[in-house]
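Chains as they are written, first to last, in my numbering: chain A, 20 to 379; chain B, 20 to 379.
Be a bit skeptical, because a hint or two may be false.
Pairs count within a copy or across copies, as identical chains cannot be separated in the list.
Stated by the list, open to error - In silico DSSO-like pairs for lysine-lysine, Cα to Cα no more than 27 Å straight-line:
id	residue 1	residue 2
1	Lys372	Lys36
2	Lys36	Lys263
3	Lys241	Lys205
4	Lys298	Lys241
5	Lys72	Lys372
6	Lys121	Lys36
7	Lys205	Lys36
8	Lys36	Lys128
9	Lys205	Lys122
10	Lys204	Lys298
11	Lys263	Lys128
No lab work stands behind these hints, which were simulated from the structure alone.
2 protein chains.
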Amino acid sequence: MTAAPLQNDRFLRALLKQPVDKTPVWLMRQAGRYLPEYRETRKKAGDFLSLCKNADLACEVTLQPLERFPLDAAILFSDILTIPDAMGLGLYFAEGEGPRFKKPIRCAKDVEQLIIPDVEVELGYVMNAVRVIRRELNGRVPLIGFTGSPWTLATYMVEGRGSSTYANVKGMMYEQPALMHQLLKKTTDVVVDYLNAQIAAGAQTVMVFDTWGGVLTPRDYKEYSLQYMTDIVSRLNTDTPEGKVPVILFTKGGAQWLPEMAESGCDALGLDWTVDIGKVRKQVGDKVALQGNMDPCMLYAGPDRIQQEVRTILDAYGSGSGHVFNLGHGIHPQINPEHVAAMVEEVHRHSAKIHAKADV
Amino acid sequence: MTAAPLQNDRFLRALLKQPVDKTPVWLMRQAGRYLPEYRETRKKAGDFLSLCKNADLACEVTLQPLERFPLDAAILFSDILTIPDAMGLGLYFAEGEGPRFKKPIRCAKDVEQLIIPDVEVELGYVMNAVRVIRRELNGRVPLIGFTGSPWTLATYMVEGRGSSTYANVKGMMYEQPALMHQLLKKTTDVVVDYLNAQIAAGAQTVMVFDTWGGVLTPRDYKEYSLQYMTDIVSRLNTDTPEGKVPVILFTKGGAQWLPEMAESGCDALGLDWTVDIGKVRKQVGDKVALQGNMDPCMLYAGPDRIQQEVRTILDAYGSGSGHVFNLGHGIHPQINPEHVAAMVEEVHRHSAKIHAKADV
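Extracted from the complex, chain A is given alone in its bound form (with noise of 0.2 Å):
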């Protein structure tokens, strides 16, 4: 099958830091609950795990923001932990309540026990969602591929749910280096296939979301997830025929460690909202293109003071490419989609005054 070619680069353009005429803009989480014709196709498809194994199903809510906001790319709809699941932890969803795995790890024997899957049997369900979506798209905007970062899968695959403290992976960590080691190799191993799968499906763009990093000391980040991080970019297959597939990482609160990340080898380094975005152009905007970053809770407020942040944030940047705007996390469910409007229109509207001061 050949793809159709892409009416609007703009995206991949900024990663790769070409020159665009605006500023390119999607949300981390664009697809879901603030959209309520999100919470019509959730409902159809029962609950949130049918909707990521039901291609078109997922195919329909990663087109819904499209069809709202003129945003410049879309993203899979599906989870990072689709990996553990697939790992054989079993994976489920409480209602109410956030994800939970029947079999978390706990010991060396866990971690042996381990399965190491073929992603396109699988996790075949995922490639196949690429490719619908990648069909219906048809060469409208790029499409974003993702995995969670092996440190941040790990977390869940240990504690066996969300945590605050993260006693048990840490404790892991701490005690059982070597243990832990060996899991994050192994998770490794499964998000380099998964990824290289995503591409060769079609996923024009490829997101590592390292989350939970920002809850390690500068050594242990370094050596339990950085190091993994790394080991990914360098296998990835980003050359392909549609052209170079940029990667970008990004660990929420990970501030200080910008100049670290972007010697991986990623495109683009992911911004949370603590950073001021101009301060790390000036530290790494050499190396890497920038993605972010907004608090998400601005979108909390009126349209008016939305559009100012937006203003100050591009102007933080500055001119010239290398700039995707986004969130710093995920959108809320309470958000009032009007609200994303403004702040995607003003994004357009804005950095296209910047990008032609610049060309004069």
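The hints should help you fit chain B onto chain A, whose structure is shown.
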């Protein structure tokens, strides 16, 4: 009343960067649920608030960790939410859940109606506890008083409880900045009275806990948190007949802003575990002492691993005074007290060697 002379002033000396024989050590939440004797006293008191309000029982739990471990400071047993309670919000603790307020702040009228308490009356139980503890400590180690930062208190006052998203308080900050400043100013005034009353009652050091400053953008951190903490530092009566009362500021997740915090006029900065204390010393060590910064989760590991980490942190700080050893946040209720003993022992043992060398 003349206070008994201080038998162990290591903690105060380190905060003022005067020479010490050993690095002083205490733990955030050292009087807490990980100690069986605390759980006994807590049972006697009934609920948590009754324990805070009973000076004799508050004194009892304050002294309990000193009976077990050779700690170099005691900290007043209380809660940061006593201030919003005294301002009329109605603090209560739902069993098995966190703190709640009956009347959270949601609009201008709520802020106007806030009570400015006479801290010697409405918070007299805290000053009583300080006096009783000082009497019972009898000069053994110094007593630390404390408060929440205005921003951190405001998060609870507006949310009405703990929050993971800060939707309400940030919504107010972004949409109604003048109202948020009004709330923070009122709270700051009460915090100043409260800490000055603690100092008058006998607190020999005071610490400001800015637990949620790290969820802000850099601009907003300066405007909504650091500005008010700086104001507080400038208004404290720290010159007492007993000597200078050092002030410690601690913003959890504030790694990026330590240089700005060091300009606040405080004597020491608390550090969480996401920073390398040696690097921080190079940044700000000529201005302030540093307190921290072992990951509280390290105490889940065994004694050998704990002691190795203690040495790593002490060595990272290096020779010379200005370091108070602590965890990077409060100790968890599940921790084995024997692991705390191993930590405290190694801080004193290893640091004695460092300080002996430095004297040569």
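**Report entry** Numbers of unmet hints, in rising order
**Finding:** 5, 6, 7, 8, 10 and 11
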